[in-house]
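Engineer: One-letter residues, chain by chain:
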Amino acid sequence: MSQKRQKLFSSFLVNGSLLILCLIWTIPTIGMLVSSFRPRDRVLSTGWWNVNWSELTLKNYQQVLTGKEIKDPNMPGGVAKGDNMSRAFLNSLTVTIPSTVIPILIAAFAAYGFAWMKFPGRKVFFIMVVAMLVVPLQIALIPILRDYTKINLNGTFLAIWLAHTGFGLPLATYLLFNYISSLPRDILESAFIDGASHFTIFTNLILPLSIPALASFAIFQFMWVWNDLLVALVFIGSRPEVAVLTQRLMDMTGSRGQDWHLLMSGAFVTMMVPLMIFFFLQRYFVRGLLAGSVKG
Amino acid sequence: MASVTFDHVSKKFGDVLAVNDLNIEIADKEFLVLVGPSGCGKSTALRCLAGLEDVTQGRILIGDQVVNDVAPKDRDIAMVFQSYALYPHMTVYDNMAFGLKLRKTPKAEIDRRVREAAKILGIEDLLDRRPRQLSGGQRQRVAVGRAIVREPKVFLFDEPLSNLDAKLRVETRANISKLHLQLQTTFIYVTHDQMEAMTMASRIAVINKGVLQQIDTPQHLYDFPDNLFVAGFIGSPAMNFFNATLRREDSKLFVDGETFKVQIPENRAAIYSAYIDKPIIFGIRPEDIHNPQFAPPEINAQEVIANVDVTELMGNEIFVHMKSKDHHFVARVDPRSRFVIGEDAKVVFNMSNMHIFDRETEKAIR
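So the sequences go chain by chain: S and V.
Reminder that position 244 of the first sequence reads as 244 in our numbering, one-by-one numbering, no gaps.
Reminder that position 202 of the second sequence reads as 202 in our numbering, one-by-one numbering, no gaps.
These are calculated hints, taken from the structure and not from any lab test.
Not one of these hints is a red herring.
Below are the SDA-like pairs computed for lysine to any residue, each with C-alpha atoms no more than 20 angstroms apart in a straight line:
#1 153(V) <-> 189(S)
#2 73(V) <-> 185(S)
#3 153(V) <-> 195(S)
A few chain V residues that don't get close to chain S, going by computed Cβ distances all over 12 angstroms:
#4 68
#5 257
#6 339
#7 359
We put the beta carbon where it would ideally sit given N, CA and C, even for glycine.
Let the hints inform the model, and build the full structure from the sequences given.
Structural biologist: This is the structure in structure tokens:
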């Protein structure tokens, strides 16, 4: 085989396998998208590939977003079951945004301290933080829940903010430490001579220079919290006024699995935010994964 | 404006002694260059002065004040780093203004100083740019500008030219010398390049392995190196060294290198009487080896015959690498000379400018 053909072959192999992977990944998603626009009877009787383009409707989305009970003359009793996801959507944002911002702020301070300040026990503390990475959060659920009950924190947003902050901190500190410690030493020293204190250096130099790392961690944390069901279920429960999207989604199929059509559109409503974040901040994903390995 | 004193300063990193009992007094408005091979402790000494490293022993004074425990920002110094260390997310203007803003200098004063410094350095057009939009030479000037606006007592330079290309380096060298005249402030400059040291310094301190070897004016250092290291480090191409013995014949003193024998000028013979028949190192600079055809008449010429190994034509001169048995040496001769590789050739040593070192202590004998 000539070199050129060999090259062609190997690029075909790589691109081919990537294509297959992408297909495997996207086909179910496309199926969900199609199903979310089909009426209830059709979803229950045929697969999404049997779609008849004229049957598509926005009714599922209307039902999911606007209320528990929707007037529908075709249904027995004139009422169709729906879901008020708008409220859950707001709850999810209320949970997710502080749960992302708080750990990042704390972790950035900690990472700077570990990377650039001299204090006794620095190594030991850092090792402890990194060791925390291997502790699964499930272990902490019950003890924390008991403590929360004692101080009456259960079912509040503050409870879940604190929980997510705690669970997110080790990874955040570690990732940001890697990035911040790789910033050129000269720049910080130059700032010291210029008369900057640690705090000024942190706010005026470290934060602006760490934006790629901060952004990429923010994305990861945001997605994790947004998609989280376990922590939310444990610490804020499923009362409708506090329940987040994932919890509503769980209830949506109905007790006998009869409401697939709602689940599909509900899932798409939930996915909107992560999708948007991904498309707008895509470059930070890639850069964040490379953080520390290659100097950008 | 202030003097700087290193008083028995030592710095240890773990077990490694980076700076060993350094004593230097630097006068106000002096341009002192610390020079030495990489890893010799010259940068560490500078960083100790800047307050970026603590000294293990000894005192550092700026003016009359001991600054060992003074924070870097309170030492009233400014430093230019090898990497320039510009703040990448700030404009040139903000880079230069940063230190002044932190010191709560009034806005109008900041503006005046930044623009003045920019004018001195010829970077007025670049004030709105960011560091990544600048060339290496421009970044270097911004780094210097950032130091100037602070109007510090002492300027520190840590190899500021090593990231520039050769041509720009020569140009910037001259500019820094000019700046020193203009600002009339103490400059302390670290480099591994003896050329930079020779061209800019009012005094040079040669450091090796953490120990100060010699401190003197460039010309005096060049003409009268105290020891073998300084003699070999200052000057390019480096001084030639020969293992040899001193011999007395008919009341004349000779350097006997086995394959050659050259007479020591009579007016200097007395100094070496204690070393007769003892092993010494004989040193002579390449420019003190001439082609006899073109040798200036006033020199104290002693003939040596050696084999031509390699010739390097530089245009204005020829470097001739020669060997005779175990001796290898370089001569820097007139470009009209014709040396044929592989053949023996006659050269003359100008013995007025010879150097002789004790082979054991490596100290100059004079």
